[in-house]
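A.B. asks: Following the hints, position chain B against chain A.
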Amino acid sequence: MREELLKIIERNSRIDLKELAVILGVDEIDVVNELQALEDEGIICGYHTMVDWEKTSIEKVSALIEVRVTPQRGQGFDNIAERIYKYPEVTSVYLISGGYDLLVTLEGKSLKEISGFVSDKLSTLDSVLSTATHFILKKYKDHGTILAKKYEDTREKVSP
Amino acid sequence: MRDMLSKQAVGLKPSGIRKFFDIVSEMEDAISLGVGEPDFDTPWHIRDEGIYSLEKGRTFYTSNSGLIELRQEICNYIKRKQGVAYDPQHEVLITVGGSEAIDIGLRAVINPGDEVLIPQPSFVSYEPCAIMAGGVPVIIELKEENEFRLTAKELEDAITEKTKILILPFPNNPTGAIMERKDLEEIAEVIRKHDILVMSDEIYAELTYKEKHVSIIEMEGMQERTILINGFSKAYAMTGWRLGYACGPREILQQMVKLHQFAIMCAPTTSQYAAVEALRNGDDDVREMCMAYNQRRRYLMNAFREMKLSCFEPFGAFYVFPCIKEFGMTSEEFAERFLAEEKVAVVPGTAFGECGEGYLRISYAYSLDNLKLAIGKLSDFVSRLRGEK
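Which chain is which? The protein sequence lines are A and B, in order.
Okay, so the first sequence: first residue is 9 according to my numbering, each after it adds one.
Okay, so the second sequence: first residue is 123 according to my numbering, each after it adds one.
Pulled out of the complex, with its shape left as it was, chain A reads as follows (with noise of 0.2 Å):
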């Protein structure tokens, strides 16, 4: 049941806990048990909500930022991975293979907030060697969600 629970609570989190034991065909007390185990065991790592931040009046940008680092002796990449993603702004960190090592997504107020923080804060740490910063103009699906269309039923409404 693991494999199937965390597929449907990664789509849908508020889903009711009676009515996932009732689609999983167990009991409801099992349900608890294992969200309890899966969180102890750091699967289930947090329970979030998708917002649209485009559709509100609310001013947000987004940008990726591809980083070059050099990696420290004994730490790999963990150390200055840490450095970064301990800014709140950063949203996610990655060590990425390929043509940089990490990617860093980052939220902030305005086009200059972001700005600062790259000049101000990322490129001035000793392992930087060098970044690039991309903004995100429009976010078409995040999460497994379109967030541009809604699903419409095209289907004839009675067939055999």
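Think of the hints as simulated: they come from the structure by calculation, not from any bench.
All of these numbers come straight from a predicted model, not from anything done at the bench.
Keep in mind that the hints are not guaranteed to be accurate.
Said to hold, decoys possible - Chain B is nowhere near these chain A residues, computed Cβ spacing over 12 Å in every case:
| id | residue |
| --- | --- |
| 1 | 51 |
| 2 | 66 |
| 3 | 108 |
| 4 | 151 |
What the hints assert, rightly or not - Footprint (simulated), chain B over chain A, 3 or more residues, beta carbon under 8 Å:
| id | segment |
| --- | --- |
| 5 | 122-136 |
| 6 | 160-167 |
To be verified - Using 20 Å as the maximum straight-line C-alpha spacing, the simulated PhoX-like pairs for lysine-lysine come out as follows:
| id | chain 1 | residue 1 | chain 2 | residue 2 |
| --- | --- | --- | --- | --- |
| 7 | A | 165 | B | 304 |
| 8 | B | 304 | B | 286 |
| 9 | B | 304 | B | 284 |
| 10 | A | 158 | A | 63 |
| 11 | A | 68 | A | 146 |
| 12 | A | 26 | B | 494 |
| 13 | A | 146 | A | 158 |
| 14 | A | 26 | B | 430 |
| 15 | B | 334 | B | 203 |
| 16 | B | 465 | A | 165 |
| 17 | B | 286 | A | 165 |
| 18 | B | 141 | A | 165 |
Beta carbons are placed, not taken as given, at the ideal position from N, Cα and C, and that holds for glycine.
C.D. replies: Showing chain B alone in chain A's frame:
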């Protein structure tokens, strides 16, 4: 002109679904639980392969039997799933949906007066296709107490000197019933004893929720007397692509290819290329969709238990078939009132044969949110009816 029409065509009863469809389509805001097709879009990689084939200009006829790559993939698939081997050159035919395979399969084997055994409730096409092929349909009424499975006794009782072929429609539309290995072993014995043919319509084979689907072709001595029908519509959510196939003994397939060649020429080329991709890389999609259907199935069974509506637990396809006999009205009356009062469309069981009387077909090819809304209305309706009594 006098006698403009074929008496045989005129004599066919119009589909019971059609009548209901006409009422529903006039209601703008009706919620429907009446569809017989998946709610999922065809997985993108399959659609993409179709588009790519158009870009490459693969817009010509294929061979009558269909692309050899596709026939080969179908043989690989059946070998993988059922452990039975077919020859892609002579024992597979790509058709325009499973429906065409039913039609030409019957026409390839029926002589005037041959009896065609049709278990009902079942898909609406078997009976008219049997008639148009010159056969005589003989209905076997399946029973809820047997979970709408076909029993050896029911089969034995229906067989006469004239019986030519049995249609085996499992997993079943509209009941959701399946046949497990032991059920098939029992009927296979009767089939061998009386030396009749089988047309096994396994279009819902991928959608089972108990054990893996078992086919009659796996039973001893059955492959050589079975026309196996399957297709892409239900498993891969490809209804609009109109693509199915038939596998069977070379002698029968030879005749089917002839009928197909003269009436159809070949199945749509774009769809055939897309289907190759479906069989090569579609297993994960099927698994995901199957998981979602199963969740909805459990939700519905639980909802019926809560509203105390009697329903046997179905383990196949994407339908449930609740019993409404307690309300003392016909399936059609129930469905019409439910639609008029709650604006929810379900299909009366009688659309799938007279023995569907007292039942409704409810499709769960809808999102859970949609089902919740509709089932809430069903629950209200059922309470109201009980209050009236």
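A.B. asks: Would you mind marking each hint as holding or not holding in the structure?
C.D. replies: To see whether the hints hold, each was checked on the structure:
{"no.": "1", "hint": "51", "verdict": "19 Å, holds"}
{"no.": "2", "hint": "66", "verdict": "28 Å, holds"}
{"no.": "3", "hint": "108", "verdict": "29 Å, holds"}
{"no.": "4", "hint": "151", "verdict": "17 Å, holds"}
{"no.": "5", "hint": "122-136", "verdict": "violated (count 0)"}
{"no.": "6", "hint": "160-167", "verdict": "holds (count 6)"}
{"no.": "7", "hint": "A:165 / B:304", "verdict": "37 Å, violated"}
{"no.": "8", "hint": "B:304 / B:286", "verdict": "24 Å, violated"}
{"no.": "9", "hint": "B:304 / B:284", "verdict": "27 Å, violated"}
{"no.": "10", "hint": "A:158 / A:63", "verdict": "14 Å, holds"}
{"no.": "11", "hint": "A:68 / A:146", "verdict": "12 Å, holds"}
{"no.": "12", "hint": "A:26 / B:494", "verdict": "14 Å, holds"}
{"no.": "13", "hint": "A:146 / A:158", "verdict": "17 Å, holds"}
{"no.": "14", "hint": "A:26 / B:430", "verdict": "18 Å, holds"}
{"no.": "15", "hint": "B:334 / B:203", "verdict": "9 Å, holds"}
{"no.": "16", "hint": "B:465 / A:165", "verdict": "12 Å, holds"}
{"no.": "17", "hint": "B:286 / A:165", "verdict": "37 Å, violated"}
{"no.": "18", "hint": "B:141 / A:165", "verdict": "12 Å, holds"}
Checked against the numbered hints above, the structure breaks hints 5, 7, 8, 9 and 17 and satisfies the rest.
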